[in-house]
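Line by line, the protein sequences are chains A and B.
Per the numbering used here, the very first residue in the first sequence carries number 1; after that it's consecutive.
Per the numbering used here, the very first residue in the second sequence carries number 1001; after that it's consecutive.
Do not rely on the hints blindly, as some may be mistaken.
Mimicking EDC-like on lysine to aspartate or glutamate, the simulated pairs with C-alpha atoms at most 20 Å apart in a straight line are [as the list claims (entries may be wrong)]:
#1 K150(A) to D1005(B)
#2 K124(A) to E1012(B)
#3 K99(A) to E1012(B)
#4 K106(A) to D1005(B)
#5 K26(A) to E92(A)
#6 K99(A) to E86(A)
#7 K1008(B) to E144(A)
Pairwise CB distance ranges (calculated) [said to hold, decoys possible]:
#8 V1317(B) to S201(A): 37 to 47 Å
#9 G93(A) to I1384(B): 54 to 64 Å
#10 K26(A) to R1020(B): 48 to 58 Å
#11 I1384(B) to D200(A): 21 to 31 Å
#12 V1306(B) to L241(A): 24 to 34 Å
Keep in mind that the hints were calculated from the coordinates and are not lab data.
Just so you know, even glycine gets a beta-carbon here, dropped at the ideal spot from N, CA and C.
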Amino acid sequence: MSQTLPNDRPSPASNGSAPPASGGEKPIIELSNVSKIYSTGPVKVTALDNVSLQVASGDFLSIMGPSGSGKSTLMNLIGLLDRPTEGSILLEGQDLRGKSDNDLAKIRREKLGFIFQSFNLFPKMTALKNVFMPLQYSGVSGGERNRRAKAMLERMGLADRLYNRPWELSGGQQQRVAVARALINNPVLILADEPTGNLDSKSGEAVLTLLQQLNDNGATIVLVTHDERIAGHTKRIVRLLDGQIVEDSKLDSPIRALAPAQPQLA
Amino acid sequence: MGFFDYIKTALENIGSAKLRSLLTSLGIIIGIGSVVLISSIGGGVSSTITGAFSGLGSTQMSISSSAPVTDNGDQSGFGGRPPGGGGALGGAAIAGTLSVDDAVALTTVQGVAAAAPIIDVVAKVAGPDNTINIGVTGTTPAYQSATAKTLVEGRIFIETASEVVLNQSSAKALFGAADPLGQSVKINDAPYTIVGVFTDPVSPFAQTGAGRRAEQSGANSAVYMPIAPALTLAGTQKVSQIAVAASSPDVVDATIERIRTTLTERHNNVQDFTILSFQQLTASFTQVFNTLTIFLAAIAAISLLVGGIGIMNIMLVTVTERTREIGIAKAIGATSGSVVIQFLVEAVMLSVIGGVLGLLVAWLGTVALGRLLGLPAEVNISTIATAVGVSAAIGIFFGVFPAWRAARLDPIVALRHE
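Construct the entire structure; sequences and hints are all you get.
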């Protein structure tokens, strides 16, 4: 498991940068016949209808669909922020049914990394503190978490922005802080919800470059977008409509992001 | 997350809105400040007075005529009270049912160390330069031990001699700075030799402004002379009081009962006297005063309640303001427990900071008021510990509900919050 690897590295898949596993290897996350039904009074809304999905280690998957198609719901389920009404979710083979909210919170901080459209940094904290908060929740000591967060921000090309607060940073810089925070715990899965949605095209391109580099190094990424061009950078596109998967296709040659790779992740 | 991390984060949050935090803590500052101030001042007054009483002697008691003597207000009088206060002018005396023989009889009662009859009379006392009308106390040499008087110089008079003892006030009034020892005074034209000087009676309020004014006006002036000529001056054979000292503080209550029995027998089974001990008086005074202090402090404590509600109010606002941050925290792995602790620690910090500032205010107030009233400023460790403990308890009590509200936020909903 990735936790045994050197600590400030995104987790490389055991088989290096091989294409999505076609079988045999255990998927990072596996959804089986998952439904999510919201009932507000007498009205029942089926947000997800009998969805099954596997994400293999080293995959770079984009979930697409118009609004209301259920992609946010799917993202929340994969991110363990929500529970399915029916069906099961397995993370690294571990069934999550019956886990308490606190168990899920602990799994999130140990195994998942979140990147949001609106960055979602803590507004009053410095970049450094934002990045080490997941470590703090995990009980990592002060010196250790400082060192790891610093190293991670340096990798993101933010060595001179450690003590700046979010409002002192550009959108691209804020998103890189968010990426650093998502990576700090060596997650087995990175979830990116419209990560370029609030960025100009240049910064957006830089974030895509970053994600592709992470994936090249073995990171498993699930990205939600409504933008075909963004999805074209990933290896696999899952299309949702009315709560069901209507297409699941692999891209033979994803577009390579062209922005200069500012962060050095090699 | 370590406990220190919670405190650090809480302090950062509190510090990021200093004015708001200060205003939120104000209720606690005022509450703790006023409760501590009232208890300190109350404690200072109480210990000053009880200290003064016990200085006068916890073995002392006083027997006064009661039944046949009507309405002379003398029952609260002790041997040490400023003479002249209850005495009628023109040589009229306060007398009643007690006699010199009663005092002699009491000396044989078990537990009695000394018993001295007292008659107070106001007389013309003439010094070398001036004549003043002051209270003259007729008594026996046992008076000194019965009332635990201290001699500044000289000795107590001999009962059969024409000798008197002054106190510092009367010595000053009659002789100024000169040494009165061996000098003579005339009391209603009869000459007496001064053989000693007592210290002035210690008033519990001696350090206060009122006490100082009394000293300056000479209201404490007194002359002590043998009982026989004093009774003649007063024109009576009855004494107004008998001052008694018990052999130890522990036997005071038992001794009072034996005195009551002895005297009642001597007075044909009529209890026409009242016995009061300093112990009883001190105890009842302390009780009344402490009740009053507790009552005032309880009223002041209401502002603590209001302060607590203020903290809860602001914490609820904070939870709403930080909904999104709570969502982020939960998404990246904060458990509900750590969210609860974070908000609880913040409420407790606000409250404890208020408590500490309140203590500071109370301490300054106690010192200032203490200077003004001449009382010892008593803010002790237990007061500090109690104030901090109480404010922490208030923070916990009023912080639980907002913290619980924060913890039960759904991260998905919280993340969508603008």
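message = Can you confirm whether the C-alpha distance between K150(A) and D1005(B) stays at or below 20 Å?
response = Holds, at about 18 Å.
message = Between the alpha carbons of K26(A) and E92(A), is the straight-line distance 20 Å or under?
response = 7 Å, holds
ask   = Does the Cβ-Cβ separation between V1317(B) and S201(A) fall within 37 to 47 Å?
value = Once the Cβ atoms are compared, 40 Å apart, the range 37 to 47 Å for S201(A) and V1317(B) holds.
key: C-beta pair I1384(B), D200(A): status relative to the range 21 to 31 Å that was hinted   = Cβ of I1384(B) to Cβ of D200(A): about 58 Å, so the range 21 to 31 Å is violated.
task = For the pair supplied as a hint, K106(A) and D1005(B), confirm whether the alpha-carbon distance does not exceed 20 Å.
result = 18 Å, holds
ask   = Within 20 Å, alpha carbon to alpha carbon, are K99(A) and E1012(B)?
value = 33 Å, violated
query = Regarding G93(A) and I1384(B), is the given constraint of 54 to 64 Å on their beta-carbon distance met?
reply = Holds - the Cβ-Cβ distance for G93(A) and I1384(B), about 57 Å, lies within 54 to 64 Å.
request  = Sort out whether E144(A) lies within 20 Å of K1008(B), counting only the CA atoms.
outcome  = 17 Å, holds
request  = Could you grab the alpha-carbon distance between K99(A) and E86(A) and see if it respects the 20 Å cut-off?
outcome  = 15 Å, holds
request  = Take the C-alpha atoms of K124(A) and E1012(B), compute the straight-line distance between them, and say whether it is at most 20 Å.
outcome  = With Cα atoms ~9 Å apart, K124(A) and E1012(B) stay inside 20 Å; holds.
request  = Could you see if the CB distance from V1306(B) to L241(A) stays within 24 to 34 Å?
outcome  = The hinted range 24 to 34 Å is violated for V1306(B) and L241(A), with Cβ atoms some 58 Å apart.
key: CB-CB spacing for R1020(B) and K26(A) relative to the 48 to 58 Å hint   = 52 Å, holds
Of the hints listed earlier, those the structure fails to meet are numbers 3, 11, 12, in rising order.
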